[in-house]
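Asker: Each chain, written out:
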Amino acid sequence: GDSVTQMEGPVTLSEEAFLTINCTYTATGYPSLFWYVQYPGEGLQLLLKATKADDKGSNKGFEATYRKETTSFHLEKGSVQVSDSAVYFCALYLSYTGGFKTIFGAGTRLFVKA
Amino acid sequence: GAVVSQHPSWVICKSGTSVKIECRSLDFQATTMFWYRQFPKQSLMLMATSNEGSKATYEQGVEKDKFLINHASLTLSTLTVTSAHPEDSSFYICSASHAQETQYFGPGTRLLVL
Chain A
-4 GDSVTQMEGP VTLSEEAFLT INCTYTATGY PSLFWYVQYP GEGLQLLLKA
46 TKADDKGSNK GFEATYRKET TSFHLEKGSV QVSDSAVYFC ALYLSYTGGF
96 KTIFGAGTRL FVKA
Chain B
3 GAVVSQHPSW VICKSGTSVK IECRSLDFQA TTMFWYRQFP KQSLMLMATS
53 NEGSKATYEQ GVEKDKFLIN HASLTLSTLT VTSAHPEDSS FYICSASHAQ
103 ETQYFGPGTR LLVL
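Note that the protein sequences, when read in sequence, are chains A and B. Under our numbering, the first sequence has 107 at position 112, and the numbering climbs by one with no breaks. Position in the second sequence (first residue = 1) + 2 = our numbering.
By construction, these hints were calculated from the structure, which means they are not laboratory data. Yeah, the Cβ is synthetic: ideal placement off N, Cα and C, and Gly gets one too. Don't take each hint at face value.
Stated by the list, open to error - Derived lysine-lysine pairs resembling PhoX-like cross-links, with alpha carbons at most 20 Å apart:
id: 1; chain 1: B; residue 1: K57; chain 2: A; residue 2: K96
id: 2; chain 1: B; residue 1: K66; chain 2: A; residue 2: K96
id: 3; chain 1: A; residue 1: K72; chain 2: A; residue 2: K108
Stated by the list, open to error - Derived, one-sided and incomplete: chain B residues facing chain A with beta-carbon distance under 7 Å:
id: 4; residue: Q44
id: 5; residue: L46
id: 6; residue: Q102
id: 7; residue: E103
id: 8; residue: F107
id: 9; residue: G108
id: 10; residue: P109
With the hints as extra help, turn the sequences into a complete structure.
Answerer: Following this line, the structure appears as structure tokens:
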């Protein structure tokens, strides 16, 4: 079935370190892929997305490239800040007749130390 | 951006009682609302999808008589956990959508059943 697997956390980094959070997926067809971020006490927010193979989504210094050959959508940021501390969810968007569904990975908690 | 609220943010109840959780889209009309359940350190699990004015579509394994969903207007959906038991304790999250591929998430409701 359709699923998303992302690396377990927590991930702890020092400020200005490079971040990678791995995400792979299994899906029929050609899904869209998303990264959501959840800051403490808040709801999930869309961080970035990519709708087809080789697309690169980017926002707030974060990037992820839709790799169909490796079924991956890894999240990267060149220099993290303390304010990036949050939980990050990789997600798969599936469209079907009459609606759509989003399947989430388990989430990866990121701690950034000053 | 679009805002989705949930009420209450947390609730404690006795076993056997029913609990209602509200999800509101504050500044847009949501044609579709989703209800998720999240266990500690796990992914968001989709429970059901509801479209305004029609019956909710429940995911496999989710008891529709246990988790009653009502989407009576374009800005309000409710989830009622009937005859709650300790195993129903969880974090419940709603999201609202007015367009394909777009979801706005509420901050979640933490339910503890004693």
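Asker: A separate judgement is required for each hint: does it hold in the structure or not?
Answerer: Comparing the hints with the structure gives:
A distance of roughly 17 Å separates the Cα atoms of K57/B and K96/A; the hinted pair therefore holds under the 20 Å criterion. Using a Cα cut-off of 20 Å, the hinted pair K66/B and K96/A holds, with the two alpha carbons roughly 18 Å apart. Between the alpha carbons of K72/A and K108/A the distance comes to roughly 15 Å, so the proposed pair stays at or under 20 Å and holds. Interface restraint check: Q44/B against chain A, minimum CB-CB distance 6 Å, threshold 7 Å, status holds.
Checking L46/B against chain A by beta carbon gives a least distance of about 4 Å; that is within 7 Å, so the hint holds. Because the closest C-beta pair between Q102/B and chain A is about 6 Å apart, less than 7 Å, the hint holds. Restraint check, E103/B versus chain A: the minimum CB separation of about 6 Å is within 7 Å; hint holds. Using the Cβ-Cβ criterion of 7 Å, the hint placing F107/B at the interface with chain A is satisfied: the shortest such distance is roughly 4 Å.
Below 7 Å, beta-carbon pairs count as interface contacts, and G108/B has one with chain A at about 5 Å; its hint therefore holds. For the restraint placing P109/B at the interface with chain A, the shortest Cβ-Cβ distance is roughly 4 Å, inside the 7 Å limit, so the hint holds.
In summary, this structure violates none of the numbered hints.
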